[in-house]
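J.: Sequence:
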Amino acid sequence: MKEHVRANFEASATAYDEYEARTGRFEDLADKLAAAMDKRHDRPLETVLDAGSGTGASVGPLEQRGARVVALDISRAMLTENPASGRVQADFDHLPFAPASFDAVAFTASLFLTPTPERAVAEAARVIRTGGTVGAVAPLGWSRPDGTDVFDGLERRSRSPSATDEVEAALGDAFDLRTGIWTFDTTPRNLRLFHAVPAMAARLYPRLDAQTRIENATALLADIEGLLSQRWRWMVGVRTEDADTNR
Numbered sequence: 001m002k003e004h005v006r007a008n009f010e011a012s013a014t015a016y017d018e019y020e021a022r023t024g025r026f027e028d029l030a031d032k033l034a035a036a037m038d039k040r041h042d043r044p045l046e047t048v049l050d051a052g053s054g055t056g057a058s059v060g061p062l063e064q065r066g067a068r069v070v071a072l073d074i075s076r077a078m079l080t081e082n083p084a085s086g087r088v089q090a091d092f093d094h095l096p097f098a099p100a101s102f103d104a105v106a107f108t109a110s111l112f113l114t115p116t117p118e119r120a121v122a123e124a125a126r127v128i129r130t131g132g133t134v135g136a137v138a139p140l141g142w143s144r145p146d147g148t149d150v151f152d153g154l155e156r157r158s159r160s161p162s163a164t165d166e167v168e169a170a171l172g173d174a175f176d177l178r179t180g181i182w183t184f185d186t187t188p189r190n191l192r193l194f195h196a197v198p199a200m201a202a203r204l205y206p207r208l209d210a211q212t213r214i215e216n217a218t219a220l221l222a223d224i225e226g227l228l229s230q231r232w233r234w235m236v237g238v239r240t241e242d243a244d245t246n247r
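Be aware that the sequence shown starts at 1, since it is given in full-length UniProt numbering, and climbs by one per residue.
In case anyone wonders, no lab produced these hints; they're calculated from the structure.
Note that the coordinates shown come from a computational prediction; the quantities given were computed from them, not determined experimentally.
Pair by pair, the computed Cβ-Cβ distance ranges are:
#1 Thr240 <-> Asp146: 40 to 46 Å
#2 Thr80 <-> Arg231: 28 to 34 Å
#3 Glu81 <-> Thr218: 20 to 26 Å
All residues carry an ideal CB built from backbone N, CA and C; glycine is no exception.
Using the sequences plus the hints, can you model the full thing?
T.: Put into structure tokens, the structure is as follows:
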């Protein structure tokens, strides 16, 4: 599974950047998440692990708050485009860092990409200092103005390796967690562009090769029209002393 995820993102750097250049979605999510994490942290965030950093849309918002950011991603192709000065190619289920190495770990649109979020959360808790924070965002889907799901009536649904509820449960078991929802207006074109990223097209057609899954996703979504909204759940937790004693 992890090799499959890595291969998907190795093939996705260019399309990912094209989507981000048009929408700014991941930078916007990172900015909101960084603000929410900063609000819950009892001191300035000095060192932050950006777990699943990709091409680095989240690096700027984290650095703007004064943090030294270490960008970690499983994909070398993604990291090649990443602007962070500190870059590490690794799996966030198996972090190559000593305990209590960071003030915070940010999973900006990444934690739902592992089929074992509880393992990634345990690793995050291990490398976060007591009193430090973890932040994550995970998709809740796309809807029409009447509230119906965009994928209702279609032959496929856009699914992550881990459902958002599973991500939230894993974080809630290890951290003092607060959550909420952010909603963004979007368009059918942006929906199609999102699913033209090979790694995102895999949400619809995980068993097909990259080009075929993109073609199928584009055809599936071709008739979607009108204003849409996209919802993301945000989750910010604090690592308490109780977490230390329970590990």
